[in-house]
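Visitor: Given only the sequences and the hints, what does the whole structure look like? Please build it.
Residue numbering for the first sequence follows the numbering used here, starting at 1 and increasing by one per position.
Mixed in with the good hints there might be a few duds.
Claimed, not checked - Okay, the calculated beta carbon distance ranges per label pair: (1) Lys-28 - Phe-715: 31 to 37 Å; (2) Glu-448 - Lys-382: 31 to 37 Å; (3) Phe-715 - Glu-96: 38 to 44 Å; (4) Leu-757 - Glu-7: 15 to 21 Å; (5) Asn-469 - Lys-28: 50 to 56 Å.
Stated by the list, open to error - With a Cα cut of at most 16 Å, we get these calculated EDC-like pairs of lysine to aspartate or glutamate: (6) Lys-169 - Asp-91; (7) Lys-695 - Asp-779; (8) Lys-17 - Glu-4; (9) Lys-758 - Asp-648; (10) Lys-615 - Asp-91; (11) Lys-26 - Glu-556; (12) Lys-859 - Asp-779; (13) Lys-741 - Glu-770.
Everything labelled a hint here was simulated from the structure, so no lab data went into it. Cβ atoms here follow ideal geometry from the backbone N, Cα and C, with glycine treated the same way.
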Amino acid sequence: MFAEIEEKWQKAWESAKIFEAEPNEKKKFFLTVPYPYLNGNLHAGHTRTFTIGDAFARYMRMKGYNVLFPLGFHVTGTPIIGLAELIAKRDEKTIEVYTKFHDVPLEELLNLTTPEKIVDYFAKEALNALRRIGYSIDWRRTFTTTDEAYKRFIEWQFWRLRELGLVEKGSHPVRYCPNDQNPVEDHDLLHGDEASIVEFTVIKFKLEESDLIFPCATLRPETVFGVTNIWLKPVKYVIASVNGEKWVVSKEAFEKLGYMDKKVELLGEVDANEFFGKKVIVPLVGRSVQILPANFVDTDNATGVVMSVPAHAPYDYVAIKELGAEIEPIVIIRTDSNGIPAKEIVEELGIQSQKDPELEKATKLLYKKEFHRGVMLENTGKFAGMMVSEAKELVEKELIKSNLADVFYEFSEKPVVCRCGTKCVVKVVKDQWFLNYSNEDWKKKVLEHLDEMTIIPDYYKEEFRNKINWLKDKACARRKGLGTKIPWDREWLIESLSDSTIYMCYYILAKFINSGMIKAENLTMEFLDYVFLNRGSIEDAKSSGLSEEVIRKVKEEFEYWYPVDLRSSGKDLVANHLLFYLFHHVALFEKRYLPRAIAVNGYVSLEGQKMSKSKGPLLTMKKALEKYGADVTRLYILHSAEYESDADWRAKEIEGLVANLERFFNLVKEHYLREKEEITVLDKWLVSRFNRAVKEVREAMDKLQTRRAVNSAFFEVMNDVRWYLRRGGKNLALILDDWIKLLAPFAPHICEELWHLKHDSFVSLERYPEFDESKIDEDAEKAEQFIEKLLEDIKEVRKFVENAKEVRIFVAEDWKQDALRIALEKGLSEAMKELSKHGIDKADIANFAKRFKSAELIKNERELIESSIEFFERETQLKVSLSSEIPEEKKKSAMPGKPAIYVC
RNA sequence: GCGGGGGUUGCCGAGCGGAAAAGGCGCAGGGCUUAAGACCCUGUCCCGUAGGGGUCCGCGGGUUCGAAUCCCGCCCCCCGCACCA
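Guide: Here it is in structure tokens:
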């Protein structure tokens with residue numbers, strides 16, 4: 001129903017260029033939202049984040065700020081390439097998801113076989129949807145992350161980060177497919193997406209009088225002090241040369257070692273039976289212990305060689321018992337009891353054999369307990385007295401330092417299988433480029449800046465603080481994907497989250513680039529240094545080939561718009577993008593250019609179901625707009641949930657909203673242009689209530705609480721308006737100018753249409769309503785409340801009378817009014833004294849005392865009722881009058897603010 | 001496990017020391033209508049033939065004249081823990 005109106009105003013805004021922001025004398029507000037990734041159509045999740053952003057942009061604009069709200073598109077990385085391949089391959093599932101959920105017509109979809117075509121198509125679709133929803137975006141600044149100029153900008157950024165020592169080479173473990181010879185991403189997995197990569201410590205036990213090493217893999221290196229023997233499975237093992245040492249490992253382990261950045265060579269096969277009974281030396285301790293057989297050993301887990309700590313490892317304890325070996329467990333950790341921890345838990349769970357699945361549970365329970373509450377005992381040398389949680393890391397460090405241990409990466413769960421059917425391995429990728437987010441100095445600066453920022457909701461600041469502390473180095477280069485090459489090592493592409501950290505300042509360049517004033521080749525190091533970092537002079541910047549005038553202009557605009565005042569984002573970006581956003585700004589920019597505020601919002605689910613771009617279900621922005629139109633969609637999504645809580649999109653609810661919005665539209669149309677009539681108490685009440693709503697809405701919006709704001713601005717005002725009309729109000733127009741303005745950030749099209757019934761200006765540029773204390777009328781509000789309650793009471797009483805014809809209302813006698821006044825001022829006892837002085841009946845006084853708490857002083861109570869008689873009659877369809885002809889005992893119940901009611 | 005958030009009436013959700021507890025949705029009844037829809041009104045924890053009474057905010061304790069709201073313990077749910085946008 002509103003489609004035409006919406007299109008009309010979108011065109012009007014566009015041709016009046018009212019959202020094209022240029023520096024001026026006003027205070028600026030720079031608002032950004034994360035650019036969308038174009039491997040599909042924009043969906044309800046984008047709709048939520050962007051609509052919150054737009055509502056706030058509009059709100060700030062109406063509060064008198066010069067608002068810049070731009071948006072670009074993100075296409076770098078692997079998903080778009082992957083999608084192109086899948087479409088080219090005619091992958092069934094992909095075709096289904098993209099036709100069914102992304103609403104791409106089949107014939108168009110089949111054509112999207114290259115990344116470029118995909119980007120073109122979805123960029124066009126996105127633009128259409130974003131325009132149709134009426135965002136107040138400055139479209140002159142849009143761009144795509146594969147634009148030549150953008151790449152220059154990214155290269156510049158990486159040169160500067162490297163100069164600061166924040167990009168370095170290192171190695172790290174990845175999930176890897178030996179067949180594809182590539183790292184495997186989550187969506188390329190057949191099995192095992194739950195598995196994570198865990199780091200085993202491999203402790204080297206030397207065979208006595210030999211150079212053979214038994215590398216025992218463990219997750220609890222601190223228990224090395226309690227080792228009583230080591231285990232091998234009675235099967236064939238191999239001897240391998242590993243970085244020059246002779247290791248005995250399982251066959252599976254040998255294969256895996258080859259991927260772990262080690263020099264590995266097969267020397268020969270060997271039967272574990274040959275070693276049983278022989279002795280190895282426990283590192284750090286120097287104790288000599290036996291090699292024994294155990295069937296629970298999994299040769300496909302890590303090295304396939306295990307150390308035995310029967311006091312603390314249930315498996316070991318049970319294996320030793322089953323073997324009947326005369327080995328005394330050595331307790332090295334104390335928690336609460338004095339016994340042998342593994343023994344206790346095994347007995348408690350009634351475990352009998354190595355095959356008992358309960359052993360897994362016992363191991364986990366004991367591990368947890370000892371890790372969090374355990375203390376290292378005297379027999380652990382210099383670690384004695386430490387908490388286990390602390391000792392674990394230190395023991396490992398010590399062992400590795402003295403070349404007594406190594407690390408071995410393994411999946412936490414198995415199998416992990418690639419889409420191609422091959423079992424994945426953990427591969428250590430070397431010579432990889434890293435962003436050094438673990439750098440303490442860098443972190444410290446970020447944390448310091450965080451303290452000065454506004455985070456919405458505020459408790460997320462703590463979350464950010466923790467995440468900043470947890471953040472580790474990030475591999476920032478890839479071999480595959482779209483994007484910018486690392487400028488000093490062109491084998492590598494900059495990974496797509498790493499090229500999206502400070503692009504908000506690129507919006508300032510984008511305007512000049514899009515207009516042709518600046519070309520990609522003008523973006524030289526000197527120019528960007530000068531504009532963004534205040535490095536070098538304008539003379540240096542001229543080497544870009546740009547004129548001084550242009551350089552000056554760009555610089556001025558950057559100075560005007562930066563920093564970003566608010567970045568509004570979905571919560572999925574907290575642990576990654578938003579952190580990088582902070583880190584990179586802090587690393588590169590001067591303090592005055594650092595981000596001011598971040599707001600976080602939750603996900604959107606669909607009728608209770610999680611949405612998924614790659615699997616469905618999905619509701620695209622386009623579809624929502626086709627079905628409901630812009631303002632309904634906007635209002636709905638803004639009202640659906642607050643802050644980081646997740647919203648659930650429900651067709652049934654949104655349909656209810658359509659009706660509400662139509663009612664609003666018709667109501668305003670009907671009353672907006674009416675002649676004003678004489679002002680009554682009721683009018684004052686309306687204005688007073690409306691003013692409170694204004695206050696509420698502003699307070700809510702200042703904290704980005706769109707749900708609360710819409711609730712108040714739309715639904716609650718609507719309820720007041722209904723009451724007002726029901727009461728016979730004639731001057732609704734009193735609040736309509738302001739009501740339209742109040743709603744304009746949320747439902748801008750309808751508001752624009754209504755506003756123009758009376759005005760020539762754009763409501764989008766009007767001043768937002770102010771709260772006016774002087775318009776608050778306590779008496780009027782009290783009076784309305786009184787009438788409402790009285791009506792309720794009349795209806796209540798009436799329920800109990802059959803064939804009611806008439807209502808008589810009896811207002812409390814004057815003496816009660818007087819007494820209440822005294823009681824409120826001087827206390828009840830004073831009032832009672834006064835009453836007896838005037839010869840009021842004792843029983844009456846007692847009755848009054850009992851009930852005075854529920855009484856209230858209403859100004860002109862009698863007149864108020866009198867003027868509302870007609871209203872009461874209309875509402876009850878009964879004859880209503882003020883009368884003293886009611887039974888005596890009813891009269892007694894009359895109190896100020898609560899008249900006696902008699903229905904007959 | 002660590003970190004962050006949360007458990008409120010049929011559902012979604014506000015409230016965060018003094019109201020059976022905003023608002024929305026759903027459901028029921030009434031009005032309007034030739035009818036349906038829309039719209040308007042009423043009800044929606046239990047009891048009640050006079051505007052009243054009782055019970056209630058994950059569970060169990062405590063503080064207080066008074067607790068959904070504060071404190072302690074327990075149970076349960078959601079999200080992140082990455083190299084993926």
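Visitor: Look at each hint and say if it fits the structure.
Guide: Against the structure, the hints:
1. For Lys-28 and Phe-715, the hinted distance range of 31 to 37 Å is satisfied, since their beta carbons lie about 33 Å from each other.
2. Between Glu-448 and Lys-382 the Cβ separation comes to about 36 Å, which falls inside the hinted range of 31 to 37 Å.
3. For the pair Phe-715 and Glu-96, the supplied restraint of 38 to 44 Å holds, since their beta-carbon distance comes to about 40 Å.
4. At about 18 Å, the CB distance of Leu-757 to Glu-7 agrees with the hint of 15 to 21 Å.
5. A beta carbon spacing of about 33 Å between Asn-469 and Lys-28 contradicts the range 50 to 56 Å that was offered as a hint.
6. The straight-line distance between the Cα atoms of Lys-169 and Asp-91 is roughly 37 Å, outside the 16 Å bound, and the hint therefore fails.
7. For the hint linking Lys-695 to Asp-779, the alpha-carbon distance of about 19 Å lies beyond 16 Å, and the restraint is violated.
8. Between Lys-17 and Glu-4 the alpha-carbon distance is near 20 Å, which puts this suggested pair outside the 16 Å criterion.
9. In summary, the hint linking Lys-758 to Asp-648 is not supported, as the alpha carbons are separated by about 38 Å, beyond the 16 Å threshold.
10. Distance check on the hinted pair: Lys-615 and Asp-91 sit about 13 Å apart at the alpha-carbon level, within 16 Å; holds.
11. The straight-line distance between the Cα atoms of Lys-26 and Glu-556 is roughly 15 Å, inside the 16 Å bound, and the hint therefore holds.
12. At most 16 Å may separate the alpha-carbon atoms for a hinted pair to count; Lys-859 and Asp-779 meet this at roughly 7 Å.
13. With a C-alpha separation of about 10 Å, the suggested pair Lys-741 and Glu-770 falls inside the 16 Å cut-off, and the hint holds.
When the structure is compared with the earlier hints, violations turn up for hints 5, 6, 7, 8 and 9 and for no others.
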